[in-house]
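Can you build the whole structure from these sequences, using the hints too?
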Amino acid sequence: MTRHFDNVEMMVKYGFADSFLAEYANHPEEEEEVVQIARCRQNSITVAEEVQQVFQVGPKAHNFVDGIFKIPKKCPFCRQYIWIVHERSKCADCGLPCHRRCQHQFQHDCLPSPKYVKGIFGIDLIRLCMAHAVHIPLVVEKCINEIEARGLEVEGIYRLSCSKSELDELMNKFDAGMVVDLSTIVDINCVAGLLKAFLKKLPSPILPNDIFANMFEYFMDPSNSEAEKQKFCRFDFFKDLL
Numbered sequence: 001m002t003r004h005f006d007n008v009e010m011m012v013k014y015g016f017a018d019s020f021l022a023e024y025a026n027h028p029e030e031e032e033e034v035v036q037i038a039r040c041r042q043n044s045i046t047v048a049e050e051v052q053q054v055f056q057v058g059p060k061a062h063n064f065v066d067g068i069f070k071i072p073k074k075c076p077f078c079r080q081y082i083w084i085v086h087e088r089s090k091c092a093d094c095g096l097p098c099h100r101r102c103q104h105q106f107q108h109d110c111l112p113s114p115k116y117v118k119g120i121f122g123i124d125l126i127r128l129c130m131a132h133a134v135h136i137p138l139v140v141e142k143c144i145n146e147i148e149a150r151g152l153e154v155e156g157i158y159r160l161s162c163s164k165s166e167l168d169e170l171m172n173k174f175d176a177g178m179v180v181d182l183s184t185i186v187d188i189n190c191v192a193g194l195l196k197a198f199l200k201k202l203p204s205p206i207l208p209n210d211i212f213a214n215m216f217e218y219f220m221d222p223s224n225s226e227a228e229k230q231k232f233c234r235f236d237f238f239k240d241l242l
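For the sequence shown, position 240 (counting from the first letter as 1) is numbered 240 according to UniProt numbering, and the numbering increases by one without interruption.
Fair warning: there could be bad hints in the mix.
What the hints assert, rightly or not - Here are the computed lysine-lysine pairs in the DSS-like style, where the Cα-Cα straight-line distance is at most 25 Å:
id : residue 1 : residue 2
1  : K70       : K118
2  : K164      : K118
3  : K200      : K118
4  : K200      : K164
5  : K74       : K115
Hints listed in this document are in silico derivations from the structure and should not be mistaken for laboratory results.
As structure tokens, this is what we get:
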């Protein structure tokens, strides 16, 4: 049997909502909340499009999960308040709230936010770059700059391991969003280890397995000259092949 409720007070009476919701039912949020969400999203669209162009990927779909709101939110699709607890849903990457029934109505226009994308290690590369509005993750840029500054002549760079406790400490600082000065790290192998740890923890490899197989086949083909193989290693040529 389906019961219809005319207001939130009746829902509280029959146990379908609590008094906390009823308090906010008499003082609903203004339409400005939805407008503000749209404005913030519009400001991020340019960066998102640039990242998508660099990685040559299409628009990102929303990652909807069960939503927990302190106060009822308005669904940007149907413009109705999300009163029922089990109807609450939100995108885990950008925080977009909506009804469960409206999830599949949204376009693939997710713009991940650092507010919801926590940490940097073990995060999808495209999702991380879009969340922080960068083309190269900060930890990668810092590590490469530091290694190029004082590590290129070090024997065993990228091969020798470092102190695990020191590496874990660096990873925790970056995950916490702290400002880290890698020039103060005495052991350059720890900086190289940090870069390797970031790449190792990516959910999917930078070079997908099918592309890696094609590369291996290309370099093992005796009909390809050394000059062609050198050209293949150039970034601009390699990116076009991807």
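Straight-line alpha-carbon gap K74 to K115, limit 25 Å = Since the Cα atoms of K74 and K115 sit roughly 20 Å apart, the hinted pair holds (cutoff 25 Å).
Is the straight-line distance between the alpha-carbon of K200 and that of K164 25 Å or less?
-> This hinted pair holds, its Cα atoms lying about 15 Å apart.
Assess, step by step, whether the Cα of K164 is no farther than 25 Å from the Cα of K118, and give holds or violated.
-> 23 Å, holds
Are the Cα atoms of K70 and K118 separated by 25 Å or less?
-> 20 Å, holds
CA of K200 to CA of K118, is that 25 Å or under?
-> 18 Å, holds
In this structure, none of the earlier numbered hints is contradicted; all agree with it.
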